[in-house]
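So the protein lines, in turn, are chains G and C. For the first sequence, this note's numbering assigns the number 1 to the initial residue and increments by one for each residue that follows. For the second sequence, this note's numbering assigns the number 1 to the initial residue and increments by one for each residue that follows.
Rather than coming from a laboratory, the hints here were simulated on the basis of the structure. One or more hints might be untrue.
A pair holds if it fits inside one copy or across any two, identical chains being indistinguishable in the list.
Result set (DSS-like, lysine-lysine): computed pairs, CA atoms no more than 27 Å apart in a straight line [as the list claims (entries may be wrong)]: (1) 387 <-> 12; (2) 192 <-> 12; (3) 492 <-> 392; (4) 12 <-> 392.
Quantities reported herein were computed from a predicted structural model and do not represent experimental measurements.
There are 2 protein chains.
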Amino acid sequence: MLPFKSLVQIDKASTTPVFVQLSNQLGQLIRAGTLAPGQRLPGTRQLADWLQLNRQTIVAAYEEGMAQGWLESRSGSGTYVATHFTDLKPLPLLPNQPVAVADSSLDRPGYSFETNLLLVRPLLTYSAGLHLDDGFPDIRLAPMEELGRAYRSYFRWGNPQQHFGYADTKGHPLLREQLSNYLNETRGLRTKPDNILITRGSIMGLHLTCQTLLQAGDVVVTGETTWFGATINIRKTGGAIQTVPVDQHGMDVDALADLCQKQQSVARPIRMVFVTPHHHYPTTVTLRADRRVRLLQLAEQYGFAILEDDYDYDFHYLSRPILPLASADQRGMVVYVGSLTKSVAPAFRIGYVVAPTALIDALAQLRRIIDRQGDPMLEFAIGQLFKTGDLKRHFRKSLRAYHTRRDHFCDLLSTELKDVVQFTKPDGGMAVWTTFDSSIDMDALALRASRQGLSMASGTFHNPPGQQLNGTRLGFASSTDDELEQSVAVLKKVLE
Amino acid sequence: MLPFKSLVQIDKASTTPVFVQLSNQLGQLIRAGTLAPGQRLPGTRQLADWLQLNRQTIVAAYEEGMAQGWLESRSGSGTYVATHFTDLKPLPLLPNQPVAVADSSLDRPGYSFETNLLLVRPLLTYSAGLHLDDGFPDIRLAPMEELGRAYRSYFRWGNPQQHFGYADTKGHPLLREQLSNYLNETRGLRTKPDNILITRGSIMGLHLTCQTLLQAGDVVVTGETTWFGATINIRKTGGAIQTVPVDQHGMDVDALADLCQKQQSVARPIRMVFVTPHHHYPTTVTLRADRRVRLLQLAEQYGFAILEDDYDYDFHYLSRPILPLASADQRGMVVYVGSLTKSVAPAFRIGYVVAPTALIDALAQLRRIIDRQGDPMLEFAIGQLFKTGDLKRHFRKSLRAYHTRRDHFCDLLSTELKDVVQFTKPDGGMAVWTTFDSSIDMDALALRASRQGLSMASGTFHNPPGQQLNGTRLGFASSTDDELEQSVAVLKKVLE
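Produce the entire structure from the sequences given, and follow the hints as far as they go.
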């Protein structure tokens, strides 16, 4: 008989039941050819004795093996390795992969596999202590009570099969209707619910649009620099990115016009332009009115789509925000992407795409093979808060708070750090694009700040290849006036 | 002065405020060259009179135009078209696109755009009346009380910035830990939380895996026929699908071995095999033990990944379910994908991938450009119900219910429809693969049933090209015994 005691290794501390461990290892011995098809196994009492296990465990393991088809029982004569393994060639074991190392399968893949370096990007997230983040909302202001109540009302509803089954991929009808009205009222759009796809954050809107409109090799134009969430999505489709400069009035549309002509002449016309006219990321500048008009004209002339990312429209501190490009679009050139994650809380992943119905349908078709649908509870809850007016009240409340914080933070930067930083007070948004004196090493600065309890990004990932912007986004919205003062004090200290 | 009354069209029934409509249309007239840069606009009182609008509306529209940069005010002398439009070439209007048709932009895209027919697939969803669906759970059994309570406890937590900010793309730590234990206990896996990515349904696991492991042109093998959610995802990556037959013991692994050799000989080795060993979709057959062993051996020998979709493991009616391939995998060949949407409710979109950490990291990187993260409230709630044991109690309760329903439904099929249908009682899952007499037109049958209040799929989308299976999945789990009797009675009636 085989030396089962040394062949089988049981780990009693494992969460895998002992009988499963034993059954698996018997299966492995069969596969390895150590146990041959038709071979008789020791009796349960015998094996229990050898392995120092309870006999019931052996019985369960044998039963498991039979259920799995590894083993078979012959009445009155015991347990055997199944005979339909007869035509299996035992697999030769590689010397460095002993069968008993039970966890190796989850250590490294057995198939060839390479990490896609394209997808690596900085992780920007909330920090528990002091922070000048990428421009995140203050979730402490969010209408949690009201949201909780809306969730509860969803759970209380009558027919679970209807409310917790499959939902419309395009989003909950209440939210699409409410959002359509809200966008028309605040942004001068002329959308109907059918022009709206509810997504999980604006990133999903960018992802679906890029995957639907772009083919490998398509030329896409972005500003230099721009949001990495967009550039990675464009590159993932195989899109070839060309950049044009961004100055204090936004994307340089004359440079774009030249590029349009150049690309036309080499028969590789521009397929799409990605732009954030409202508050360009990372520098927060606004696209000037004449450039907007020219951009739309170019789109019509050259037939490219404009992917307009308007992620923080709701937070603008001038008397009235500039309306989006989509509002002036007469010929269906603009795919308009927005988000509520910056307006409520990132965990409530609600974004949207506004576009002609044909495109909305195509985006939804694609989405069905990704995650099929959003979260109907969440979509309902947000729709409900639009309906009750709670959400608009929340927007007004946070707008006031962020306005004050922006002013306070910019005053602090001007008074406390005036010798080392440069910035333009942003018209809107939640962060100040701040450039530091060129003598300052940004990575070292962020590290020193972090040691003093202040979390901030070094901003070096914003640098275009070969350039040193020495700038970073300093988010003011998620900190109170008092917290902003403490943060600037730390920054001042580590800059000395 | 221009005939503003005929140039401007105001729709008072629209949800877009009148002043926004007016301001937009003035902008359009500027773009069209009808209003020239530097041109003086009528006074507010004058225009109000012409357009029969309130003067305050005109004032607001002009202010809007100024905020947008279209218009400028010269003190004491009125409102003018902005002069920085001087160098804009007015865009010639196409005859069939008059500027005043304000809604055309959302009618059709202005860029070239084609629907991807590959993405079109049948929409399978719950029906309010009688139904024999694709194999959906009975949500009336789901632990709604307990889930609602878990959601409430999440909302009550202290620090909103921490709990409603950005979350781990891989999923809530509580759920990953609980799920890891559960999979080890029930499926004989040896996973740790780091080997798990929480997804939104198993489809997202398939999507991320295909997008990460496959390149255009890679050869992927599936059974014929198989789940369209998988084949569409494979094709979307540009993968070239080869099929092997599926019989009553699952995928024909001998045919796969031949194919491996053939592909090797033409230097286009198989990159991945998609398989559902537990209950093959659509036919519900189980992959026989010796074929499992052989499949793993082939994977090791030829270096292909096995994408194992185990979407309904929790519902098996024999004494013990067959353990997944992943449980016997010794060399990291298997990417294991599962789901809780079939075990709780489809709206609670929780699926998972189990794989070596390197792959999990890569899948999460990709996911960050799709939707960044799942829903932390939902992930916590499901984790909590694992922890309290409520979920396992629910699984046991539904298993008992579905077991009874399967038996009852199969009895009904045997007694009531024995002359026209053929089926094998499935070992598990939530549907019976039922083939109908070849004289029956399945599309006509489904239509007749639907007119009698019974919703069922015709199953024609399961047909491989050129074949007529004349079969469909009849789901029994979401109907009570009484509802099943009514459904079979309708089916019998329309078959007469």
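### Query
Which hint numbers does the structure go against, in order from smallest to largest?
Of the numbered hints given earlier, the structure breaks just one, which is hint 3.
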